[in-house]
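Q: Sequence:
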Amino acid sequence: MLRGPSKQDFDKYVPQIVDRMKQITSISDVASDLNNEGLTINVEVNRQLAARYGITPATIDNALYDALGQRIVTTIFNQSTQYRVILVAKRDRLPDLQSLRSLYLPTQTGSTGEVPLSAVAEIKTGTTPLVVSHLAQFPAVTLSFNLTEGASLSTAVDEINAAIQAVHLPPSITATFQGAAQAFEDSLSSEVFLLIAALVAVYIVLGVLYESFIHPVPILSTLPSAGIGALLALMIDGKDLDVIGIIGIVLLIGIVKKNAIMIVDFALDAEREHGKPPEEAIFEASLLRFRPILMTTFAAMLGALPMLLGSGTGSELRQPLGLAIIGGLALSQILTLFTTPVIYLAFDRLTRRFSRRRPSDPPAASPT
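In terms of my numbering, the sequence shown opens at residue 234 and continues consecutively.
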């Protein structure tokens, strides 16, 4: 939707934008509600000449309204009903534009009683918009379009923005998306903050649980593989990353991290309670937690399988969600069993390196 104070700017720039949008392959049925093909009749009054006859603009306005409008001049009452008398010129007296010139206006001078409209005004025909839409009290023009088969809304939005920038609109005209495109932009603008907030919340909870700033990192390291798996699954199936796919990635944050929690929690317990070295503790944790990790992963994947294979009303929304969950779980299951122990040992060595004890203070010298 284009919004601006000047209708003349719309007449200049809207056709250019429509022509550029019609060249975009990802959209079709480009249309605009800017329709300037409405016919109009302009009565340009010569005020100085009309003043000589004592004719005011109100007199001309009343004469035109009496002939073309529906002025109620009186009401006839009887015992049961009432009838309103409407003054209007006969249609056969005004068959064309030339007949409008023959409307007579009363004068206030003594020389002539009436003069025709053509004597004090010039009548011209022109064009005018059929509808003038407004947005926030400013004139606005709406450009509508449909997506072609297999095209994504994100691609169409980027190409439309590029087309608008190529036209070089003046600063007085602002272009904003409405409808589904606006909802898409609003959802994407908040999804990034949603992902960041979810990661921060998970890190804080894990940090409080393990009383460490380092141990949550091996757990969070499993999330990139889940995101990559979800994107690969969507790409292989030919689906774009839409809002539903992003929701699936957010769900993976809560599902995937349980694999690393099982391993890291068991390894920390083996170190703290049984005094085992980190290498032996993480190795034992990976062996003992392998079967529970497989069971919970397959349970989550089977739970998302009906969304992927379902059909019927609304299946187009559920399928990307199930596809993202299954793809993210499958890839993270393969990678995290190997990457989590490696990252755990790497950060353990890093912690040991920077947590060396400070040298004790030298003993005080004995008095002589």
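Calculated from the structure, these hints are not laboratory results. Be aware that one or more of the hints could be misleading.
[Claimed, not checked] DEER-style ranges, computed between Cβ atoms: (1) Ala264 <-> Tyr337: 39 to 49 Å; (2) Lys245 <-> Val276: 50 to 60 Å; (3) Gly359 <-> Arg285: 55 to 65 Å; (4) Gln398 <-> Ser366: 40 to 50 Å; (5) Ser423 <-> His507: 38 to 48 Å; (6) Leu330 <-> Ser548: 55 to 65 Å; (7) Ala264 <-> Gln312: 54 to 64 Å; (8) Asp391 <-> Pro510: 45 to 55 Å.
[As the list claims (entries may be wrong)] In silico BS3-like cross-links for lysine-lysine, where the CA-CA straight-line distance does not exceed 30 Å: (9) Lys472 <-> Lys491; (10) Lys357 <-> Lys240; (11) Lys245 <-> Lys255.
Note that the Cβ used here is the ideal one computed from N, Cα and C, for glycine as well.
Q: For each hint, tell me whether it holds in the structure or not.
A: Structure-based check of all given hints:
no., hint, in the structure
1, Ala264 <-> Tyr337: 39 to 49 Å, "holds (46 Å)"
2, Lys245 <-> Val276: 50 to 60 Å, "violated (27 Å)"
3, Gly359 <-> Arg285: 55 to 65 Å, "violated (28 Å)"
4, Gln398 <-> Ser366: 40 to 50 Å, "violated (23 Å)"
5, Ser423 <-> His507: 38 to 48 Å, "holds (46 Å)"
6, Leu330 <-> Ser548: 55 to 65 Å, "holds (60 Å)"
7, Ala264 <-> Gln312: 54 to 64 Å, "holds (56 Å)"
8, Asp391 <-> Pro510: 45 to 55 Å, "holds (53 Å)"
9, Lys472 <-> Lys491, "holds (27 Å)"
10, Lys357 <-> Lys240, "holds (21 Å)"
11, Lys245 <-> Lys255, "holds (17 Å)"
Hint compliance for this structure: hints 2, 3, 4 are not met, and every other hint is.
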